[in-house]
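**Student:** Just need the whole structure built from these sequences, with the hints factored in.
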Amino acid sequence: MAAVFAPFLTPHDPTAMDLANTLSGPTAAHPLGTDNLGRDTWSRLLFGARSDLGIAALAVVFPFVLGTIVGALCGYFGGWCDTLIMRIADVVSAFPFFVLVITLVFVFGNGPMSIFLAISLVSWVSYARIVRAETLVVRGRDFIQSCETGGLGKARIVVRHVLPNTITQAVVFAMSDVVSNIGVIVTLSYFGLGIVPPTPDWGQMISDGQQFLASGNYALVLIPSAAVILASLSLTFLGDGIANALRAKR
Amino acid sequence: MSTFQLAQPASENILEMRDIRVEFSTGRGNDRRKIVALNGVDLSVPRGTIHGLVGESGSGKSTLARVLTALERSFTGTVVFNGDELPVRRTKEQRRHIQMVFQDPYSSLDPRMTIRQSLAELLRVHRIVQSRDIGTRCLELMDQVQLPARALDSYPISMSGGQRQRVAIAKALALEPSLLVADEAVSALDVSVQAGIVNLLADLRDELGLSVLFIAHDLAVVRNLCENVAVMYRGNIVEDGDTERLFTEPRDQYTRTLLSSIPRIRY
Ligand SMILES: Nc1ncnc2c1ncn2[C@@H]1O[C@H](COP(=O)(O)OP(=O)(O)O)[C@@H](O)[C@H]1O
Ligand SMILES: [Mg+2]
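Going down the list, the protein sequences come from chains A and B. Numbering of the first sequence is given in our numbering, commencing with residue 1 and proceeding in unit increments. Numbering of the second sequence is given in our numbering, commencing with residue 251 and proceeding in unit increments.
Just so you know, not all the hints are guaranteed correct.
Quick partial rundown of chain B residues pointing at chain A, CB under 8 Å, derived from the structure [unchecked claim]:
id: 1; residue: 346
id: 2; residue: 358
id: 3; residue: 359
id: 4; residue: 360
id: 5; residue: 425
Beyond 12 Å from chain A on every Cβ pair, some chain B residues (computed) [what the hints assert, rightly or not]:
id: 6; residue: 400
id: 7; residue: 442
id: 8; residue: 443
id: 9; residue: 511
Over 10 Å on every C-beta distance to chain A, these chain B residues come out as not near it, computed from the model [claimed, not checked]:
id: 10; residue: 277
id: 11; residue: 278
id: 12; residue: 283
id: 13; residue: 284
id: 14; residue: 285
id: 15; residue: 286
id: 16; residue: 292
id: 17; residue: 384
id: 18; residue: 404
id: 19; residue: 441
id: 20; residue: 453
id: 21; residue: 457
id: 22; residue: 470
id: 23; residue: 491
id: 24; residue: 492
id: 25; residue: 506
Derived from the structure by calculation, the hints contain no laboratory data. We treat Cβ as the ideally placed atom computed from N, Cα and C, and that holds for glycine.
**Tutor:** So, in structure tokens, the structure goes:
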């Protein structure tokens, strides 16, 4: 929430430097202090949330949509197309997630777009798997057979009857996927592979702040780290809540 | 209550199945086995009657129902419906005439749709009535299966097995079929609830002239409801004919065994 309204909640431009006022502690003007270039930590934190959470969410939506459609079609129709796509999925998931994403980011170059593409190309597989497995179960249930004897078209059966009964698991997974995406994005940016300056992001903030750990200034590392943990936890709880709400409707 | 008119009789039998064979292969490699589920079955259902189909579990009754409703497509033999041979791949219109009620009422309704949505979808897709009359038609269907109108806007989860089976029958009736296949449609229900569904089927036959293929293993129910009964054993129909005659003077050895086991089957 705070991230969405970042421009209104922040007193300073997250990239504005004030070289006369570096590494300050909390003051009235800078509630969380400033970093080595005199940038306001609070502002950078919120704008960082915007970039990290924004890309994390986007990188869930696209694979979710793609994977769900592919999974439902493969599960319902089967055949050689299903076999082929599931083999591709096997190949993709044969590599560790991180290794594949880092490799793809190397290939595509730094930046939000590249992270988004890399994550999407890898994680649609999870959604396709989940929805396909659910579809195989639902397909055998009598109400789908009853759609067929009722003369409903295949497209209608998939969209109106199979998907609404299979999508719950995918939504639940999407919630946890946002969290893991945040981890990936922050990590990549920490290593300088992800979001590049001047765009603020939590990973960079942590790595920038590290050099001052020795001089006893922990805040620049602790604050963004705490933000990562808090964001992940609250999204996890939100995900659980949504999952429960969806199950209750069944 | 509005009722629908059945097409003019094109033949005396609404359904004739001839020499239907279905084989399944199971297992892999050395375990590979062939199961003959239907071994050349002939079956005729006279128009406007309820035809019983009994036989022990695994004798091929459901497979026959699935061939009839085109859920099972790999079979040989011919299905003649209303005087015309039905192709394996059927059109929407060809499917409409033969409707099925499934055994498990807890799995045969889409849990994500209200009863109204389920009925309206069928009415709309088959253009049975004009859009503005869908609401009225839904009410009539509920009336026909003796469910309260308020049930229209509930989800299946809030309904009992017997109510769900009535909804399944309403869905079938929405398409104004000439033949209803009830595959053990009352077997999963309590005895008292069974009676209600059985009476409903008898009413539909008497009022609409609906023909029914009634698959069951409770012989007592079949005796009260059906004009004719076919007995199935290991993929063959061993005896087929008038219900009273079959119960009083069974010709086939297996039928006699089945009849003598009635006290054990009833509960
Ligand atoms: N999809 C299938 N694959 C393999 N064997 C099947 C399949 N469906 C039915 N069978 C077999 O065919 C036979 C007849 O089954 P079924 O028609 O369900 O009998 P019933 O409904 O009379 O209990 C059984 O031996 C069953 O195991
Ligand atoms: Mg059966």
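**Student:** Would you list, in rising numerical order, the hints stated earlier that this structure does not obey?
**Tutor:** none
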